Amino acid sequence: MIPFKPDPKLDLVLERVVDVPPDLVWTAWTKPEHLKKWLTPAPWTTTDCEIDLRPGGMFRFVMRSPEGKDFPNIGCFLEVVPNKRLVWTDALLPGYRPSENPFMTAVINIEPQGNGTRYIAIAIHRDQAARKKHEEMGFHEGWGKALDQLVALAKTL
Amino acid sequence: MPAQATARRHGEDINDVFRALSDPTRRQVLERLSRKPSSVTELAAPFDMALPSFVEHLKILEGSGLVRSAKRGRVRTYQLVPKRLHLAEDWLTRQRHMWERRLDQLDSYLLDLKEKHT
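Sequence lines, in order, name chains A and B. First residue of the first sequence: 164, per my numbering; consecutive thereafter. First residue of the second sequence: 136, per my numbering; consecutive thereafter.
Hint data in this document are derived by calculation from the structure and do not stem from the laboratory. Hints may contain errors.
Claimed, not checked - FRET-style restraints, in silico, Cβ to Cβ: (1) 186/A / 187/B: 50 to 60 Å; (2) 277/A / 239/B: 12 to 22 Å; (3) 218/A / 218/B: 43 to 53 Å; (4) 216/A / 154/B: 34 to 44 Å; (5) 168/A / 216/B: 23 to 33 Å.
All values derive from a computational prediction rather than experimental measurement. We put the beta carbon where it would ideally sit given N, CA and C, even for glycine.
Make a model of the complete structure from these sequences and hints.
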């Protein structure tokens, strides 16, 4: 169940089914020691994470680039329903204080399916201008060098 | 939900592009085509490969939309479709990819956790 209509130009909806119980999925999303293990696609790492699991509570993590540059993220939780739904944003700081550079809101919906769990991760982005920030962060992972070269070539065609 | 369906279709397109790019022969073909359109014979020449196998690579490339071909007389000529490559520049595509990888990591981590708990 998605609580809003995603904008295909700005938002992402990712659905997964995994063969573990919902409470384990919840734990992996809400305990810093777990989040640090998977939150950042390699070769990026998550070096620090702080969670105050309640609406208005702090959600902070630091992503480190392969070159060793740190990118801190800070926001707060909006909705905390154990084993069911987690919502946070960086548009609001802990205590709901409006932040300077909001980028996204994320919704995680968790529900049991058979012996496993179906979860949906939704990333709601502010606007096209907010894209720039992520580009500066260097999220160009996954596309090989060959493709980069091809793109460069294609631009000259 | 139509928005979701669109996103999913888009994702599949991207998977085709990734799949096409995952092979060194196909990447070399793309690099050659980025210089000029070429016939099957011209494209196959540098490769020590049976023609039917090589044609399979071309089919995968064409299926991904990265190239298109046209037959004139007995000669089939391939050319690059630059628009397709621009998919690679799409910001949301990269976001999606980042999230896919993140969730891949989560899922394998969860399965590890489950094993430890049982």
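Outcome of the hint check:
Between residue 186/A and residue 187/B the CB atoms are about 53 Å apart, so this pair conforms to the stated range of 50 to 60 Å. Taken as a hint, the range 12 to 22 Å holds for the pair residue 277/A and residue 239/B, whose Cβ atoms sit roughly 21 Å apart. Distance hint for residue 218/A and residue 218/B: a CB-CB separation of about 45 Å, consistent with the stated range 43 to 53 Å. Our hint of 34 to 44 Å for residue 216/A and residue 154/B holds, since their Cβ atoms are close to 40 Å apart.
Between residue 168/A and residue 216/B the beta carbon distance is about 32 Å. The supplied range of 23 to 33 Å therefore holds.
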